[in-house]
Each structure stands twice: as C-alpha cells, then as structure tokens.
Amino acid sequence: MGIRVAKTANEAFAEGMRQINPDVVAAYPITPATEIVQIFAQFVADGLVKTEYIPVESEHSAMSACIGASASGARVMTGTSSQGLAYMWEMLYIASGLRLPIIMAVVNRTLSSPINIHCDHSDTFGARDCGWIQIYSENVQETYDNLIQAVRIAEHPDVLLPCMVMTDGFILSHCLETLEILSDEEVREFVGNPPERENLIKSAIENKPITIGALDLQDYYFEHKRQQAEAMRNALKIIPEIGKEFGDKFGRYYGFVENYKLSDADIGIVVIGSTAGTAKEVVDRLRKRGIKAGLLKIRVYRPFPFEEIRNLLKDLKVVGIMERVEGMNGFCSPLYSEISASLYDFEKRPVLVNFVYGLGGRDVRIEDIEEIFNHLLKIYETGKKEFVLKYIGVRE
Amino acid sequence: MASIKELAKRDSRFVSGHRLCAGCGAGIIMRHVLLAIDKPVIATCATGCVEVASTIFPYSSWKIPWIHSAFENSAATISGIESAYKVFRREGKIDKDIVFVAFGGDGGTYDIGLQALSGAAERGHNVLYVCYNNEAYMNTGIQRSGATPKYAYTTTSPVGKVIPGKLQWKKNLPEIMVAHGIPYVATAIPGRWNDLVNKVEKAVKIDRFKFIEVLSPCRLGWPHEPELTMEISRIAVETCIWPLYEVIEGKYRLTYKPKEKKPVSEWFKLQGRFRHLLLPENASLLEEIQKEVDRRWEELLKKCET
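The listed protein sequences correspond, in order, to chains V and A.
Taken in order, the first sequence gives residues 1 to 396; the numbers are from our numbering.
Taken in order, the second sequence gives residues 1 to 306; the numbers are from our numbering.
Next comes chain V alone, as it looks inside the complex (with noise of 0.2 Å):
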C-alpha cells in the first residue's frame, strides 16, 4: 500500500514518472517545470527507469520527438509550461491528429509579455481547443493521482488522444505537501502495458508498410476530424471508469468535478486548480454564518463535462465563475461562455458573473473570495446583474 511522503508537485510528477516508466521522455528546461525534467534524468542517470530520454533543444522538438515515439508504439511522456507549451502549439494539434496518447505534465504559468514566471492559466486555457484531455490539479496528491490516471485515459483504445496534467506553478510546483504515493508495484499494474497500436517500428518489423500523417484533403479530412472529435466524446465515459477504478483500488475517487456543498446552495463558485482549497474554507464559513454556499471545482477541462457542470448548477441562484484566466475577448472568460452555453437550455438557471484573478501570480487570499461571496450575496439578495465581470484583487 502506499506511503505518506512529503513532496512538490514536481517531485510528485517526476516520481509518479519514474513509477509509470515511459519507454521516451523528450523535454526541455523551463520555469517552473524544470525540475521534473532533472529530477526524472537523474532517474534515468542512475538506472532507475528503462527510459530512453532525449534531451531536445527546445519544446517543439519536444513535442516533434515525443510524436515520433509515440508513432513507433512507445509509452511517452514530457513536461513544460508557458512560454514552453506555446511554442509547441503547432506540434499539440499534429499529435491529437494522429490520436498518439502521449501524456504531458504541465506546470501552470502565465504567458508573456510582459514576462513573469508564476501561475495562472494563460498558457493550458490558449491549448483548450487542440485536442488534448486537460485535467488540473488541486494539490499536489491530485497532480500525482491524476497524472496515474492519465496514462489510462488516454490510451484507452476508445480514445487514444494525448493529456496534458496541470499543476499550478509555483503554488504547487514548489510547495511541499504531503501525499500518499503509491508502491511501484501498484503504479505499475494500474497503468499495465500500452495497449497495441498499428506503429512505425512494428510495421518495419512485419514489412507491412504504414503512412502515418498523409495529406488529407477535401475528401477525407473531414471524417477524421470527425473521428476525433468522437473520441474526446468517448473520454467523457472512459474518464470517471478509471477515476472510480482507481478510487476503487487506492481509496480516492475521482470524476470531472468535486462537488463541495453545492446540493442545497443558494450561491456558489466555479474554480479551477489550487485556488479550491482556499475557497473551500471561506464556504466553511459561510455556512458557519448560516449562508448556503457551495464549491464547484473543475477537474477535467476538456473534455468539457457539461452535462455534470449544468445539473450541478442549475438550481443556484446566483453562480461566480472565478478564472485565473483573462479572454482578452472584451466580453469575459472561456470558462463563464462555456458554462453560460451550457446552462442556456435550461428555463430555470442562476444568474451568472464572471470573476478573473490571480494573474501572474497574483495571490489570492480569504478576503478576496469572500469579497467575490459579497458580490454573489449582494445579486442573490436583490435580483439585480450589475455587471458581467469583474477583477479581482488588482489596481485599477
């Protein structure tokens, strides 16, 4: 059974890396990810992993080397942030559309100008529409458990696309908690050998001939987007089977989305990542106050868990959707028009408003969730949307 450790949610994905031993690591050095990648190479220095790992001269050949293994039947994983996983934007999209399940640990950073180095969503959230499961991470033994998992999930024969595991950077990329890591043993049987897939190396081995990324016109492209897209509808179920198998067999459960006293709330808060631990201790408050608040945390991004998302909220009276996301759209953030589009069926639903925070690194403290609760109180009390977004907890 597992033991209780202390470590960074860097130490924690390195370590569920070595426990997972990926045929390839191709990666590449950037704050604050790097460590996973030096951790895990002194892993492969010292013999512990059967890894071959190649250390590239920058994230889009990260992503190029990690889509050829994965192209030659390899189980492959690599690591990155911001600045990192933007530059290998090109190369996310290629590897959905060749449906190669590599899996990606991703440390939350903003992105540039102006340059900074700690969390928000900037980076993932500009990577949501390109195929890759997303899944983040509270704490760090949810980026551990959640990075076990990803493995399935993504190589499950009904989906085979990539996914990417967020953490939040620095908050928890550098933050020691303690966790319950799994024995090498256990990691090992739950992930189990890659299913077999049609690859490079298996074909010149047989001498059966495969193309693999052939242009694909007007006649086809069309079907094999279509393929894709019900591939990322066949990880909405293959999701929560292996969130319970693997609460099942380790004791934590997982789904789409933490239910945190949302069943009889009035009012409550949509969040993503790290800042869920602190909002979950001002709804202890609240209700202490005798205020019917409740959490709604997003863990899996995409696929979008609509359905769950919508039936959860639905009978709120009033619901802040707190981003650590900017649109730069004029309007609001991804997460508010997603969950305003899927709410919009339904007659009855709450008022919505649109929180963004915490960019660059932006502390978020008690007083600045219970500031975006006053908001929520304020509209649940008299009825009335005085706006559609606001900032929080910086000048202006």
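Watch out, some of these pointers could steer you wrong.
Here are the computed lysine-lysine pairs in the DSS-like style, where the Cα-Cα straight-line distance is at most 30 Å [claimed, not checked]:
1) LYS208(V) x LYS9(A)
2) LYS202(V) x LYS39(A)
3) LYS208(V) x LYS202(A)
4) LYS269(A) x LYS202(V)
5) LYS93(A) x LYS208(V)
6) LYS205(A) x LYS202(V)
7) LYS39(A) x LYS208(V)
8) LYS317(V) x LYS384(V)
9) LYS63(A) x LYS225(V)
10) LYS50(V) x LYS205(A)
11) LYS202(A) x LYS202(V)
12) LYS208(V) x LYS170(A)
13) LYS251(A) x LYS202(V)
14) LYS96(A) x LYS208(V)
15) LYS96(A) x LYS50(V)
16) LYS302(A) x LYS171(A)
17) LYS348(V) x LYS280(V)
18) LYS9(A) x LYS202(V)
19) LYS262(A) x LYS251(A)
20) LYS202(V) x LYS86(A)
21) LYS208(V) x LYS86(A)
22) LYS50(V) x LYS202(V)
23) LYS208(V) x LYS205(A)
24) LYS39(A) x LYS50(V)
25) LYS86(A) x LYS50(V)
26) LYS280(V) x LYS292(V)
27) LYS202(A) x LYS5(A)
28) LYS50(V) x LYS93(A)
29) LYS170(A) x LYS269(A)
30) LYS208(V) x LYS150(A)
31) LYS93(A) x LYS202(V)
32) LYS63(A) x LYS86(A)
33) LYS202(A) x LYS96(A)
Residues from chain A that keep clear of chain V, each with C-beta distances beyond 10 Å, as calculated [claimed, not checked]:
34) SER3
35) ASP38
36) LYS96
Just some of the chain V residues that point at chain A, by a computed CB distance under 7 Å [what the hints assert, rightly or not]:
37) VAL56
38) ALA69
39) LEU200
40) PRO209
Since the hints were made in silico from the structure, they are not lab data.
Quick reminder that beta carbons are idealized off the backbone N, C-alpha and C, glycines included.
Chain A: place on chain V using the hints.
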C-alpha cells in the same frame, strides 16, 4: 557497393503513382536513397513537395513505415523514433536492425528546420538526414530560401528594375554540419546514381548522425526542360557550383573531379531563374559569381589535400 544489377533487383521503396512533376529530381533521390539501404527503414519527411505529392490520402508512394508531422521537425521526429527503437531493443522486444532516415527539402533543412537538425546532430542519434535541395520553397510556389543561390529569381526575390534577384549568398550547410563534428557529411546529385548510392551505403554503416545533401533539380522553379534533370545536375558538378565530396570524421575527399571546369554560364543558361545574368548589362554579376565559385572550389580542393 551494390551494382546497378543488384539495385534493379531490389523492390523499389518509393513507387510510382505520386504527383511529383515530370522531371522532378526529388522522386529520383527518394527512390535511390531507399534502394541503397538493404535493411528495414523508417523515414520521416518534412512538409514540402515530396510529402504533399507522395501521400495524398488514401494513397501513398512509400513502401516503408513513413511519417510526416510538420515542416521544421523531420530531425526531431526521427529522434523520437530512433529513441523508441533503442529502448525496445534494450528491452529485448525487437532484435532487427532498422535504419532511420529523415528527409527534408532545403526550406525544412536550411531555414525553419535548422534548429531541429542541429539538435539531433548534436545529440548524435543514429540517423541519416537527407536534404533534397531544390534551392527554394518550391512547394509554396518558388520563394527564396537560405539555399537559394545569389541573383536567382524567385517570387520573393524577383528580378526587378533595381534589384537583380536574390542579393545574398546561400548558406554553406555541409560546412555547418561538418562543424557539428558528425562522422559523415556528403553532397550528391541524382545524375550520378553510383556516387549517391555509395554515399548512402557508407553513411548507414556509421552508428551516429549522418548528413547527405542532394541537389534536386526543379523543372518548375528553376525552371528547366524536364528531360534535362539528370544532365543539369551533372552540369552543376562540372561547373563546380555543386562539388561532389564527402567528409568522413572531419577528413575531406572529392568523390568526383571534373576533367575540365566549365564556366558557370553553362549552368545558368539552362535555367530561367538566371536568364538575366546572361544579359550584357549584367556581365559584372556573372563575373562576381564565377569568382566566388572559383574561390570556394579552391578552398575545397585545399581541404581535400590536407
């Protein structure tokens, strides 16, 4: 070296049905490079003429495992494949030798793919990189690249009233690759198949990163008469514009020396992109190129002597 009889008996691994232009040098290069390898091969290909013309889904001209992922990353993609092979081999999952070949045009090699190429060379993957150099971005319609010769017409270095085509010398990519300290660098042309096959055979026997650059006549972009493909590549050698040499562990060797060096105008006169250089008012430009070709040739001869 395999004789032409032996080569003729081998199954072609780049087969007909592709949509490359009549007279395209690249298809010949692909076919010869792959024929020269008598082991299982896995190849990557950068975006470009060869990729778009040979793999229009659901058809493929490649009778080998082949992958295209993007433009600038043929060398990075093959790094991943070769690494997967290494771990499978180490784990005892496979025991067959496989040869890894990355193809790229000059755009995907000299320009946008230079970083990935340099990285893969520095890491020393057991890969043969073959650049088919048609001296411009031909797939997108003849735009200048870092491999386009000085004063050549392209659609982004047009010949105008005040500018006589591309104003810059091309990069010396074989030298850049030699500077990486890789064990094998060579130049070749489709018009000397035995030289090309010999070089590929030599290269794949070496267990590290190898680089061969093949001049690829482009009847559309240079343009030239399609039946002149082989001949025109030989004239590039005879004029010393494209010397045939190899560099083994840093040691230079000419693999063919023209009996009588021809003037560069012999090469220019067969191609539309240089037509303006043969006009009397551009005699000084022609002379400038001749001088530079002479200088580089002498420099190469010196390197081969030592």
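### Violations among the numbered hints, reported as their numbers in ascending order
Of the numbered hints given earlier, those the structure breaks are 4, 12, 13, 30 and 36, listed in rising order.
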